Every structure is written in C-alpha cells, then in structure tokens.
Amino acid sequence: MLMAMFEEAWRAMRANRLRTFLTMLGMVIGVGAVVLMMAIGQGAQIAVGQSINSMGSNLFIVLSGFHTSSGARSGTGTGSSLTVDDGAAIADLPGVALVAPVAPGVAQVVWGPNNWNASILGTNPDYLAIRGWPLAAGAPFGDSDMRSATRVALIGQTTAENLFGDLDPVGKTIRVKQSPFLIVGVLSPKGQSLDGRDQDDVLIVPLTTAQRALFGAPQPEVVRTLMVQAESEELMAQLEREITALLRQRHHLREDADNDFFLRNLTAVADTAAEATRILSLLLGAIASVSLLVGGIGIMNIMLVSVTERTREIGIRRALGARQSDVLLQFLLEALIIAVVGCLIGLVLGIGGALAVGAAVGIPVVVGLGPILASLLVAAGTGIFFGYYPARKAAQLDPIEALRYQ
Amino acid sequence: MASPPLIELRALGKDYVTEAGLWPALHSVTLSVMAGDYLAIMGPSGSGKSTLMNLLGCLDRPSRGDYLLDGQPVAALSGDALANLRNRAVGFVFQGFNLLPRISLRENVALPLLYARVRREERLARATALLEQVGLAPYADSLPNRISGGQQQRVAIARALINRPRLLLADEPTGNLDSATSGEIMQIFAALNGEGITVVLVTHEPDIAAHARRLVRFRDGRVVEDRPLGSEPC
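Quick note, the sequences are listed as chains S and Z, same order. Per this note's numbering, numbering through the first sequence is continuous, rising by one, with the last residue being 439. Per this note's numbering, numbering through the second sequence is continuous, rising by one, with the last residue being 321.
What the hints contain is simulated information worked out from the structure, not anything from laboratory work. Some hints here could point you the wrong way.
[What the hints assert, rightly or not] Stretch by stretch, here's where chain Z covers chain S in the computed footprint (C-beta under 8 Å, at least three residues): (1) 44-58; (2) 196-202; (3) 350-364.
What you are looking at is a predicted structure, and each value in this text was computed from that prediction instead of being measured. Glycine included, each C-beta is placed from N, C-alpha and C at the ideal position.
Let the hints inform the model, and build the full structure from the sequences given.
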C-alpha cells in the first residue's frame, strides 16, 4: 500500500516537474546553507582550538612591566623587572609544573650563501615541554648547555627550509651575529599562532648563550617573559593569586604600588576565543535555518495550490473508495518526498560547497554525521509539519463538492 | 422472492443548508430496487435525482429516513465504512467520465483496487483483463486524452466494474456522447444487467431511459411515477 502511495506521489510530482523542482529548491538551498555554515563554523572552531593547543596547555605568561621615562610609558616588556631567579622562585610554588624564562630577539642567520631573518628565542630546556613542541629530528639542548652557554640551536621548520632547502640541518653550523652555532635539532611544525604569526620561523638557543653571545644583554639575568605551566587547570585561579603575591614580594612593591609585571592566563584567553567562535558558528547556523523555514513555507504554499488544483481528482478518488486517511497520506507523502529529496540534494551541494570553500580559503572544514542526520530529520519534520495542513484540507474536502468542482 | 431488495429506501429525505435556510432536496422517498433490476431515473433538473444518486452511492448521508443497502443500514456507518462500500459494493459511471488525466488507462481502471489494498501485479492484471473486455486493450498504456469520449466512457465502466460491485450507478452516462456512441454504451449496460448486475441510471433522454426495465420519475424531490417498461431493450 505504502509503495503504491509512493508511486502515486512520485507520479504527481513528475507531472509538475518544474514546480516540484522549484519547491525543492527551497529545501535544497535551506539544507545546503545549514550544512555549509555548520561545516565552516565547526572548521573555524577546530582551527581556533588548534591554535590554542599550539600555545601549550594550562599556561601563564608573565611579562615584565613597562619602563617609564619622563612620564612617557613604553609598552609591556620594556622594563627590566623579571629575572631568571623570579622564574626559579615561581617554579618552587606548589602546583607549578614547569617554568621557562624567555628572551626574544631577531637576528640575521647565515648558512653558506643563504641568509634569513629569524626570530631568536633564548630559553631553557623546559620550554619545549611547556609548549608541547617535540623535535622532528636531532636532540634538544640540556642543562649543561645552559650552564656553559654552548652555541647550539634548535631550528624551526620555516627557517630550516629557507636556509637549507631540502638538506638535513642537523649537524650543520650556521652563523648568527658572527658567532657559529651548531644545529642540534629540528623542531616539528607548529603552524600559526592565534595572532597569525608563523611560529616555525624561529631559532631556539640556550638562554645564557642568547643573552651573552646574541643580545649582548647588560643584565643577563633579566628576561622579557616567563612561561609558567600549572599542573592542572583547576589550580590556575589560585596560582594566579600566588604568583602575583610572590612577584610583588620579590620586587619589594609597596601595598599601594602597581604591579611591575603582567600576568596573563592563556587558558582564559583561549576559552574566550573558543566561546566566540562557537557563538559565531551558532549564529551562522541560525541564519541558515531561516532559509530552511522559508523552504518549508514554500512547500506548504505549493501543496495548497496543488490541493485546489486537484480538487476534482480528490473527489474522483473518494468516489472510487479512497478514505480520508488515504488522501491525507497521499498529500503528506508528496510533501515529505519533496522535503527529503530536496534535503538530500542540499546535503550533496552543501558538503561539496564546504569542501570547495575549505580548499579555496585553506581552513579546515568538518562535515560531521551529526549535522547530516539532523538536517534529514529537520527536513522530514518540515515536510510533515508544512504538508499536514494542505493534506488535511484535501482529506476533509466534501466528495460531492469535489466531484462537482471544475 | 425471499432475498431482501438490494436497495431499500424508507421515507428517505435530504435537506441542504442554504442561505435561505434548510432546503429539502428530497422529501420522503420510499423505493425498493431488487437485485438484477435495471432502473432509469428521470426528472427535470432540481428534482432531486442527483441527490438521490449521491445517497445511493454512499457519497452523502440522508437527513431523514433509512437507506438499506443489501439489507444493511447505511446511516450508521463511519466514513471509512462508507468509503469501503463505495469501493466494493458500488460502481460509479459519470457524465464527464472522470478519468484521472495523468495516469494510463490501465492505471485508471486499477485505481479502485489500490484502495481495496490489492497487490500491484494483481491490480494491473485485472485491469488489463477488463480493458480487453471493453475492447480497449491496445490503449492500455495511453493517457485518457488520447482516446475518444465513447472510449473514455468504456474505460470508466471498466473502472466501475473492477471490484465486481453488485450495483452500478450511472449519472447521465451518455450526456457527453453522440447517439451512435450512446447506443454502444447502452448495449454494455444491458449486457452487464444480463449478467445480474443491478443498474441505476439517471438520464433526461427518453430513448436512453427506454433501455431500462423500470422507470422512476422525480419532481420536486418526490417520486411522481414508477412503472415497469414493457419490452426488453432493443
């Protein structure tokens, strides 16, 4: 019986091909838009998540304060308040896993005929663990390299590519500011940071070497940044207070004095960014859903026209023995088929579009099974919801009136 | 005869609600039709014959009185039960043929079987057999607009017969046909009646009514004449 009903519905739809197609188009566009937006939104969420994870987890960044000269304040990190000893003191706090002091700089790096302007990071061996940044080749430098300020370096992927091309950098000696540095390891690729910088364009050297041989720092103990990793996320709020208190005490700040450093909770920043992306993708989905609603109203509209147009047919069917429920089912099935077939086409176009956009813009695009099943359910629901009223109208027609209808 | 009449009407009445209040289309019709009878109903327009046909065909319910179809009172039946009667007990033939324009003749003939929940293969096989009987087998896969009016009416008769009803209701079946084609259609009715099917025919043409065995004339919602017709149809 149901098969026969499907056939009947199919025939009625084929008889009005253009109209059926246009009605379907509403669903196609609606579902396609929802799937496309969801895929892009989820892709953006994942991209943000990757950037956040590339920072490392449960991180604080302590920046030295600004330097004030004749009332003009420089930016953060210009002061000279943070020292390696501050880092060691923070590392002794319970709940702190690792601390890495970081002194950044920029230098021209030379190998043979090639040269390249790269970021230089002077830090300790714990830095890689804090950032969750494994080596692709070679070995890291160790504490002994820190003590003796060895001229060794870990090279980032971008820098390695620009200096060595396809050659293996490990064991090669490069020159940075006239000093020879032995490449001991190659970092694995890290990608872009949250602010879009290429994190792979970098040379990581022992802090002591950087301060003495590269930056010529007058106070080698002073660093720009301390990276602090907590043992767990739950400890972060408490640690934030304890680190602040500890540094204020070590810097001999009076009660009413401002901090001479900045403490940033990167997890909080990351959460905010993730939340913003999530809201954005919800918003995209909501806007796309409106077109699905419009598609549903289109179905209802056409089904109402169809019922009026086929009044006589309904009368004939009733006279030949169709029950009200038979007529109801027939029109409901038509609406359902339009909705579901439109949905399937929309899924194909939406997924195709998402993949195309992803390839063109270079963002990850995620087409999950969830949104696909959800849009099928929503489409079927839309078909039934917007098809029910016209179908009921058809079923409740008086057969005599319907037969008389011209 | 021991068996009850196929159709028994007792003081049957039907009112329509109009802007001017209730309008009685049928006053009080008492009528019996025995199985195997061939009845022609005549009367001017507005005399209530179409209303009677709608009631006989279970498309409508009476306002007063009783209608017993094959001994069973129809007034008490549910909508689905009425649909079932229309499907199995009654065959309809309309003036305008009323074939569905977008499906083939075979599928038109098979349509009532869809609502009788018959399987597809059997539906189409039975429809093909009936089309053969009315001489239209070569057109089984054509659409209705490809054949003449007389041929369409033959398809409509095949459709009315497909569930083997005991009662055939024909409302002006020759109204849209020329006289030669009308004659062919009337021969089919006569043959069916000869097979034992009860035929009730509404017409306003005396020479069409002359084919029947009994004539009932309506005026103003009442039976004004009810007499047997003498000879067998010519």
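Indices of hints not satisfied (ascending) = Violated: hint 2 alone.
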